[in-house]
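When you get a sec, could you build the whole thing from the sequences and use the hints?
Each chain, letter by letter, is given below.
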Amino acid sequence: MADSDAEDLVLTGVTKKFGTFKAVDDLDLTVPQGSFFALLGPSGCGKTTTLRMVAGLEELTAGAITLGPQDISYLKPYKRPVNTVFQSYALFPHMTIFENVAFGLRRQGKKDVKKQVEDMLELVELAQYGARKPTQLSGGQQQRVALARALINRPQVLLLDEPLGALDLKLRRAMQIELKRIQTEVGITFVHVTHDQEEAMTMADTVAVMNAGLIEQMGEPKELYEHPRTTFVANFLGQSNLIKAKVNGTDGDQIRAEIEGSTLRVPRDRAADDAAVRSGSVWVGIRPEKVFLAAGGTETSDGSNVLRRGRVTDVSFIGVSTQYLVRMPWGQELMVFEQNTGAREDFRVGDEVDLHWLPDHTFLLDADQDATAGVEREDLG
Amino acid sequence: MSTAAAPVGPAEAVAAPAPEERKRGWTGYLLLAPAMLWLLVFFIIPMVSLVSTSLYDPSGSLETGYSMTGHIANYVDTLSEYSKQFIRSIIYAGIATLACLLLGYPLAYAIAFKAGRWKNLMLVAVIAPFFTSFLIRTLSWQLILGDQAWVADILRGIGLLGEEGHLMATPLAVVTGITYNFLPFMVLPLYASLEKIDPRLHEAGADLYASPFTTFRKVTVPLSMPGVVAGTLLTFIPAAGDYINAQLLGNPQTTMIGNVIQNLFDGGSYPEAAALSVTLMAAIVVMVLVYINRAGTEELV
Ligand SMILES: Nc1ncnc2c1ncn2[C@@H]1O[C@H](COP(=O)(O)OP(=O)(O)OP(=O)(O)O)[C@@H](O)[C@H]1O
Ligand SMILES: [Mg+2]
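Chains as they are written, first to last, in the UniProt record's numbering: chain A, 1 to 381; chain B, 1 to 301.
It should be emphasised that the hints constitute simulated quantities derived from the structure, not laboratory data.
Virtual Cβ for every residue (Gly too), placed ideally from N, Cα, C.
Accuracy of the hints is not assured; some may be wrong.
[Claimed, not checked] From the structure, some residues in chain A lie toward chain B, with a derived Cβ separation under 8 Å:
{"hint": "1", "residue": "Ala55"}
{"hint": "2", "residue": "Leu57"}
{"hint": "3", "residue": "Pro77"}
{"hint": "4", "residue": "Thr84"}
{"hint": "5", "residue": "Ser88"}
{"hint": "6", "residue": "Phe92"}
{"hint": "7", "residue": "His94"}
{"hint": "8", "residue": "Phe98"}
{"hint": "9", "residue": "Phe103"}
{"hint": "10", "residue": "Arg107"}
{"hint": "11", "residue": "Gln108"}
Below, the structure is given as structure tokens:
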């Protein structure tokens, strides 16, 4: 990553203020050359602003952006080897689709753009639409033109601001695969902004979760999902049960946390924050699909984490899984997703159950953080 | 979803429209009526009267009355007699329109994209001259361009104007007056079309390797063409028929076709005046049609 020949995109201490409002706050990012980097976060967290600073469309308040050895912080946008797929497409309404796509090549003084443009339109499945004007295309088609218009220039870094947002599910999946294929093929660095976590996780080598102008956590998708370090990440990427517990000691590599008389074990390396552990008060986190249900009182605690005397309050059959809501004796409702393998026992509303899961799937977070941070609105309802 | 809705939609649509359409039709005509009446009284009738007057026998007078003789020669006679003023009008109006465009475009651009919170103030400033009479404003140019005024002094000082040179009562004065008077008619449509341009298109241009000037040439200018066309028409058409500027700021050698028509009407030569008016109108319509055709409507978004 620190290879000096590599044309990594590096943001150091990048800050953007609008008036007194900090849209992006002291951001440090390294996007390795040729990687597919996803910037994931809720609406208004500063994703677009970050991209605009990389593209040169927004001036930095502080910090620096470098691309390989070159400091591009104050380079004019038209001199940066960076192209953007705009969130709002920003297609030129007076030009045909062909001319829109050819625009960047013509500005660089390239001759014979016809073949290249046609190939590009072919790639985004718009070969027949070259002669049309942007207003004569559907939203999804316009989005693909925006993609083609940026991609055809083969920039060092391609910035994609929710480029697939307007597409229907089927086309979006197809374009995701297509984008990933193109990226691997041409080796361009992609910085892909999205608030679709599934999209980020399926496409990206590295995902950065952003919240309120800050990077909460950055890493490989699996690492982020299995080992969230903040409640925001735990809730924003998938869903999590967060249970308030007291740390009451350690057993070798394991931390013991107590909740209403039950003891839960967590491997030490799955605790996000040593200070929190020492302070004693923590969130014990567990993903709903990692939890198993057993009839009340039947589960023995041989090395697994067990919470007893839960009562099923809601059952929804999804098809591949059954989702349970279980009310614990202290009033909290926990989510449990049981795979529909046929081997699992079915429970009904009102049944008493025990919850159990492997200590290795448990994680510990700082209890000072808001347990509902990053919970999506539809999940709250 | 659409297949489920389909059988319901058309069935309703067939039953509903007949009475609905009739009602809507009546409302439409009712709403059109005042405009139609207006057009009839203030456009169609005067037009018919103007064209018929242009065909009267020119030997008549206000006292003796005119006789309708279908005297088409009025057109030929006036055009050959006043062709110089005719051509002069077109040239003056053309130069003034060009000057308005060159002055007005940067101004409209600044108001649309650079003015920020001064936008409204600048727009008011563009319109403000209308609060004073057209005549007063044109008369004040006599002072500005006068031999004793500082403009002439400075020009003499730097040698652009000879010791005996004048600014007043020259073609330059007339064109300057026309340019000044019609500038708002250029700026406002230009502003309206520039203001509609999404600033993100400029960003897209910059992102795609176009320098600010190239972006201006390739994106801003084509998208502002509707404003350019509207502005030039709104300036050129009234300027070609203008007579106040030539009268107040010009000399006998700068007489425009508007002055000729006015003098003919004053002198009671109604048929000739009417014939010239119709010729001017026809000439402008033809020029406008050619112009709009050349400007290319398909380029206009
Ligand atoms: N020009 C501006 N002036 C003032 N505030 C701005 C400006 N542009 C953005 N902001 C603010 O900065 C914050 C970040 O905006 P940004 O557009 O980067 O969000 P985003 O993460 O891209 O959101 P979304 O997912 O909705 O596109 C927002 O709170 C927004 O209101
Ligand atoms: Mg955005």
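Hints broken by the structure, by number, lowest first? 8
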